[in-house]
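Trainee: All chains, please: the whole structure from these sequences, using the hints.
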Amino acid sequence: MARWGAFICDGAGVDESSLAGAEVVVTTTLPPQAGDLACKLIGTWTRYNLDGGILIGAVPELVEELLKESLRQAGLDPFRLVVVDLRGRDKEGKDREIKAALTRARHLEPTHWAKAKVEQRALIIGGGAAGLQAALSLRQLGLPVLIVEKEESLGGRLGKLDGLYPYDVDPQGWIKSTIATLQEDPEVEILTASKPLALAGQVGDFILEVQTPTGAVTRRGGAVVLALGSKVRWPQESGLEPGPRVVGLSRLDELTRFRLRHKKVAFLLDLDELGSRVGTLSALRGALRIKDNWGSEVHVLCRHLKVDGKPLESMYRKARDMGVLFFKYEEFPQVTESGEEVTLQFKDPDLEYMVVEEAYDLLIVEEELLPAGEELMEAWSVSQPANVRLYPVATNRKGIYMVGCCRDEMDFPGAIQDGTVAAGEIYALLGEGDLLYEEDRVKVRSEKCVFCLTCVRICPHGAAEIDLVQEAAFINPAACQACGMCAADCPAQAIVYKGFDNEGIMAQLEMGGR
Amino acid sequence: MRIVVFCCENSAYQAARQSRLPAEVDLIRLPCGGRVEVLHLLRAFEGGADGVLVLTCQEDNCQSLHGSARARHRVEYAKEILKEIGIDPERLQWHPVTSNMGPRFQKIVADMVEGLKLASA
Amino acid sequence: MKASALVIGGGPAGIGAALELAAAGIKVYLVEKEGAVGGWGARYVCKATDKCRQCSACLIPEKIQEVYQEPLVEILTNTQVVGFAEEAGRFQVRLQREQTLDPALCNACGKCLEACPRGAVERLNPWAVAYSIDKEKCAVYAGENCDLCARACPTGAINFQRPSASWDVSVDLVVAATGHQPFDARRKYRLGYGRFPRVITGLELEEALNRIEGTDIFGDGWKPMNVAFIQCVGSRDVQEGAEYCSRVCCKYALRLAGLMRHREPQTQVTFYYMDIQTGGKGFSEVYQDCREHFAFVRGIPAKIDGSDPLKLHLDGVSGQSFTTREHDLVVLSVGITPSPDNEEIARLLTLNRDEHGFLKGREGVYVAGTAGGPRDISESLAHGMETAAKAITKLEGREG
Numbered sequence: 001m002a003r004w005g006a007f008i009c010d011g012a013g014v015d016e017s018s019l020a021g022a023e024v025v026v027t028t029t030l031p032p033q034a035g036d037l038a039c040k041l042i043g044t045w046t047r048y049n050l051d052g053g054i055l056i057g058a059v060p061e062l063v064e065e066l067l068k069e070s071l072r073q074a075g076l077d078p079f080r081l082v083v084v085d086l087r088g089r090d091k092e093g094k095d096r097e098i099k100a101a102l103t104r105a106r107h108l109e110p111t112h113w114a115k116a117k118v119e120q121r122a123l124i125i126g127g128g129a130a131g132l133q134a135a136l137s138l139r140q141l142g143l144p145v146l147i148v149e150k151e152e153s154l155g156g157r158l159g160k161l162d163g164l165y166p167y168d169v170d171p172q173g174w175i176k177s178t179i180a181t182l183q184e185d186p187e188v189e190i191l192t193a194s195k196p197l198a199l200a201g202q203v204g205d206f207i208l209e210v211q212t213p214t215g216a217v218t219r220r221g222g223a224v225v226l227a228l229g230s231k232v233r234w235p236q237e238s239g240l241e242p243g244p245r246v247v248g249l250s251r252l253d254e255l256t257r258f259r260l261r262h263k264k265v266a267f268l269l270d271l272d273e274l275g276s277r278v279g280t281l282s283a284l285r286g287a288l289r290i291k292d293n294w295g296s297e298v299h300v301l302c303r304h305l306k307v308d309g310k311p312l313e314s315m316y317r318k319a320r321d322m323g324v325l326f327f328k329y330e331e332f333p334q335v336t337e338s339g340e341e342v343t344l345q346f347k348d349p350d351l352e353y354m355v356v357e358e359a360y361d362l363l364i365v366e367e368e369l370l371p372a373g374e375e376l377m378e379a380w381s382v383s384q385p386a387n388v389r390l391y392p393v394a395t396n397r398k399g400i401y402m403v404g405c406c407r408d409e410m411d412f413p414g415a416i417q418d419g420t421v422a423a424g425e426i427y428a429l430l431g432e433g434d435l436l437y438e439e440d441r442v443k444v445r446s447e448k449c450v451f452c453l454t455c456v457r458i459c460p461h462g463a464a465e466i467d468l469v470q471e472a473a474f475i476n477p478a479a480c481q482a483c484g485m486c487a488a489d490c491p492a493q494a495i496v497y498k499g500f501d502n503e504g505i506m507a508q509l510e511m512g513g514r
Numbered sequence: 001m002r003i004v005v006f007c008c009e010n011s012a013y014q015a016a017r018q019s020r021l022p023a024e025v026d027l028i029r030l031p032c033g034g035r036v037e038v039l040h041l042l043r044a045f046e047g048g049a050d051g052v053l054v055l056t057c058q059e060d061n062c063q064s065l066h067g068s069a070r071a072r073h074r075v076e077y078a079k080e081i082l083k084e085i086g087i088d089p090e091r092l093q094w095h096p097v098t099s100n101m102g103p104r105f106q107k108i109v110a111d112m113v114e115g116l117k118l119a120s121a
Numbered sequence: 001m002k003a004s005a006l007v008i009g010g011g012p013a014g015i016g017a018a019l020e021l022a023a024a025g026i027k028v029y030l031v032e033k034e035g036a037v038g039g040w041g042a043r044y045v046c047k048a049t050d051k052c053r054q055c056s057a058c059l060i061p062e063k064i065q066e067v068y069q070e071p072l073v074e075i076l077t078n079t080q081v082v083g084f085a086e087e088a089g090r091f092q093v094r095l096q097r098e099q100t101l102d103p104a105l106c107n108a109c110g111k112c113l114e115a116c117p118r119g120a121v122e123r124l125n126p127w128a129v130a131y132s133i134d135k136e137k138c139a140v141y142a143g144e145n146c147d148l149c150a151r152a153c154p155t156g157a158i159n160f161q162r163p164s165a166s167w168d169v170s171v172d173l174v175v176a177a178t179g180h181q182p183f184d185a186r187r188k189y190r191l192g193y194g195r196f197p198r199v200i201t202g203l204e205l206e207e208a209l210n211r212i213e214g215t216d217i218f219g220d221g222w223k224p225m226n227v228a229f230i231q232c233v234g235s236r237d238v239q240e241g242a243e244y245c246s247r248v249c250c251k252y253a254l255r256l257a258g259l260m261r262h263r264e265p266q267t268q269v270t271f272y273y274m275d276i277q278t279g280g281k282g283f284s285e286v287y288q289d290c291r292e293h294f295a296f297v298r299g300i301p302a303k304i305d306g307s308d309p310l311k312l313h314l315d316g317v318s319g320q321s322f323t324t325r326e327h328d329l330v331v332l333s334v335g336i337t338p339s340p341d342n343e344e345i346a347r348l349l350t351l352n353r354d355e356h357g358f359l360k361g362r363e364g365v366y367v368a369g370t371a372g373g374p375r376d377i378s379e380s381l382a383h384g385m386e387t388a389a390k391a392i393t394k395l396e397g398r399e400g
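Residue numbers (the numbering used here), protein chains in the order written: chain A, 1 to 514; chain B, 1 to 121; chain C, 1 to 400.
Errors might be hidden in some of the hints.
Stretch by stretch, here's where chain B covers chain C in the computed footprint (C-beta under 8 Å, at least three residues) [unchecked claim]: (1) 43 to 57; (2) 210 to 220.
Below, computed lysine-lysine pairings styled on BS3-like, alpha-carbon distance capped at 25 Å [what the hints assert, rightly or not]: (3) A:LYS328 <-> C:LYS281; (4) A:LYS263 <-> A:LYS328; (5) A:LYS99 <-> A:LYS498; (6) A:LYS231 <-> C:LYS281; (7) A:LYS115 <-> C:LYS281.
If you're looking for bench data, these hints aren't it; they were derived computationally from the structure.
Heads up, the beta-carbon is just placed ideally off N, CA and C, and yes, glycines get one too.
Mentor: Right, here's the structure in full:
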């Protein structure tokens, strides 16, 4: 027989006879002071060697959390504290509420915790700014890293650009010195011209297979950072064709390295209605460079000037001071190419919709930036939809993080922030050396499992696996985030969710209560 | 009258704790909307509930990504069954309620009470 | 890691930093000058229509819970930093705690709330563990004799005689997450805020929509049907010395407008704007929805007449030299400005400020969230996490 304690908050107005249940071995009144609550609760719990407790009364919301934490610290099971809130209930309601709590308590089982050693190393896929920052921070935190880069050298897109970014830190210089630091570090393994092939395992112990120029290798790590970068797409819908007079924004550095004689240059931004902050940033940077290098006349055409980032507004002002002209358009300009010139005709709302017609000898067009590495994410069942609960770097899978422009449009400080945050999260996860998790919160009863793999298909966290020996599904407890979706969907009702099993929910339904 | 509210612990349950609930409301706390089964919904009616609410996160805001959507689908499915067995399907409803929306929780419950009163009158 | 940290400010950035530091095993003192943690974000409304609009307001209660559950974080409300000294890379900080209302004794029963005739006892947000006393409303702070709330309190939590406590803590690092101040719309005299009751700020609309379920925002049965949102009030404004974009206003205004229409489908909305700032994953959808249903006018009204309906005067907008337009409610999208406390904080912690007055961090003393520049809720949370991660990195480097 289980031993339960009933803890009644002072002033809850409870008739103790409603507690008449064989399991309740002690009934105590708790002091109103929140601080003393915990002491008395834990004291009584230990003295009477209770299996669980029912806390009854006018409990402010967060006290419940405080008490649970105190229990955890005292080595007692916080999941076995049932809290009953009696506010706003009449006598009859209170009785019903308490009976319901007793029912709930009967369905609680003790929690079993397990500890697993983790691989104290992070596997970073992608050696651009965000990936490099993750590596750098992790090294400073004392964790070894592996960097897998598909190109011949590290640095990513920013590494290929020429200077001029008005940040506190110069991105190009930063990338060079960071690469140098990492290359010298014996605890950093860098695999360039390499491609990740497969990922197995779970948080704390991932196994990554990588195709290197000299053959396939396997590495283990406790966490994975996806820093897959972005890819550029030409805006075909605009009807524009790339050519000698019409080029993409991504080719800007290539162009400005030469002393060409473009007298009049236009930047055409926001082709897809919204455009991006990063596109505007690149265009402003380009406009300033072209002014500096060539002294050309420069126009920037956009729908909305993006200024919602630290350097944008100041760059805009600087460009304007240097004589760059800014135009707005609402309807997409008419573009005509003839010989040496590209002519744009548009109506500017800021000029009272006056028709503007200008001819340029170079038109630089903002391309679309798309996240790279979708195939990889699909193969590894990693996703990061626009969901605030995953913001900024978490994914659906525990221990796998996404950083940099593969998750959202991003400037240099954004990439640095992502890398740093991911490193912090990984340090919290792996820094201790072992991982604590609930061993049996969600469990497959293999004798009931018909191996239909519904759970494997639907688990949003990649925690449902196939156990070929048992010929049953298996919920990986380290990867499980305890949502209970598999338990709800299992056609054979083979999956049990402790604390939220069908019997418990049905009993609650029968008893009512909150 | 009895109303059973299935609440996602991450969202609607938090909202419920900020609301003054009428006496006829029973809450069932779930770890995620995705945990709810058609069986639970039908059993609630079988147990004498006049109305059943399934309140979960916004669909794009679910900690478990698809949990809320699954809850909504199950409610739709259960409504079909209710129709077949002659129970007004409007007595079962799904709504998204985020954790900071106590007033919305209260309104949804009040609307349900109101609707049931009208239906029984 | 055996180290300790002081986090000043219990908004999203402070909470984000505290949680991240604690996760690395660092003892955190989370100091909040108000009676409850949560910050501005705790007052905001969920802006979901039939879809989540990613405003992140719902993360606040979750983060508050998380931080209360974290044993390494000691939450100190009603507390301020009053002294600060640096010694061999560590910081000696003197904290002062107002103890009229002791949160350890308060069990939020609400008896004081009922007892106070002036409405000076409040619960700052629904997640506050304890009540707090609004000094501006309270009779005692106005020099009068009153102890109604103290007498009503069954636990003795309120005691006006109880002196404030001060004590020293020694920490390895400091995170200043002291937040921002919304722009004071009264400064834009010609827009009529403070003079015309139907000219309100975006913040007031947030709070009103958070209290109620419909669009009866003044609680008198009247529903706005023709709403104007005026963007860039106190942002990108040379006159106000705010030559920066506040980054959050376009997003909150578009979301709030969407929410009003969702609650009352007949509501018409017009945006007066310079440029719409729509960065960030998933936001393009929100903007497209707004484009479909709302009017967008390029240009900021120069003046508003307090007539009924309100008359907005525009100069050189949409191809016309001078025009007027009528709306029954005007919402001013006020921007983020540096907190007036920044000067004092900078002096106390020896920090620099940028050209706009936002704080800049230094070795050992980090700045997180809107104290350092405009950010929305989730960006502040992320920035708090980043700042903490940076601080931990530095600390590890020092020890290793």
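Trainee: Hint compliance check: list the failing hint numbers for this structure, sorted ascending.
Mentor: When the structure is compared with the hints, only number 7 turns out to be violated.
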